[in-house]
Amino acid sequence: MTALSDHLLIDARSPVNGKLDARRVASAFGMTLRELAQVTGRDPSGLSKHPTSDTLQGPLHELETVGLHLRDVFGDLSVGRMWLRAPNPVLGGRAPISYLLERRPVAVRRLLTLAETGMPT
1 MTALSDHLLI
11 DARSPVNGKL
21 DARRVASAFG
31 MTLRELAQVT
41 GRDPSGLSKH
51 PTSDTLQGPL
61 HELETVGLHL
71 RDVFGDLSVG
81 RMWLRAPNPV
91 LGGRAPISYL
101 LERRPVAVRR
111 LLTLAETGMP
121 T
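The working numbering puts the first residue of the sequence shown at 1, with every later residue one more than the last.
No lab work stands behind these hints, which were simulated from the structure alone. Some hints here could point you the wrong way.
Have a look at the derived ranges for each label pair, beta carbon to beta carbon [said to hold, decoys possible]:
1) V90 <-> V16: 39 to 47 Å
2) G93 <-> P15: 36 to 44 Å
3) T55 <-> V16: 31 to 39 Å
What you are looking at is a predicted structure, and each value in this text was computed from that prediction instead of being measured. We put the CB at the ideal spot given by N, CA and C, even for glycine.
Let's have the full structure, built from the sequences with the hints guiding it.
See the structure below:
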């Protein structure tokens with residue numbers, strides 16, 4: 001049986017209103033707010049001032065989806081964070097997080113799908 005919250009990254013959400021919170025998402029991914037701003041195409045000061053803004057929910061949800069996939073593949077988001085940051089020989093030594101920083105989360109999700117099937121990633 002799965003928990004009702006399996007579709008959420010609890011640590012990435014505000015305990016006050018349940019919305020995704022930019023500061024908490026950054027922390028869940030081991031990112032700085034500046035990196036998160038780069039990933040979402042937003043201004044770092046806006047993320048800091050209005051971390052649960054309705055306009056942020058779409059881009060943050062896309063990251064939550066990646067985080068859930070990381071958790072599913074690696075069994076623990078902390079292991080997924082290490083995989084994101086580690087230079088990857090399959091990627092010519094690039095770290096998968098570089099794709100997030102280039103605003104290409106689909107590339108990371110494809111790599112994770114390959115990992116699920118047993119392909120080296």
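Consistency of the hints with the structure:
1. V90 <-> V16: 39 to 47 Å: Since V90 and V16 have Cβ atoms about 41 Å apart, the given range 39 to 47 Å holds.
2. G93 <-> P15: 36 to 44 Å: 39 Å, holds
3. T55 <-> V16: 31 to 39 Å: The hinted range 31 to 39 Å is violated for T55 and V16, with Cβ atoms some 18 Å apart.
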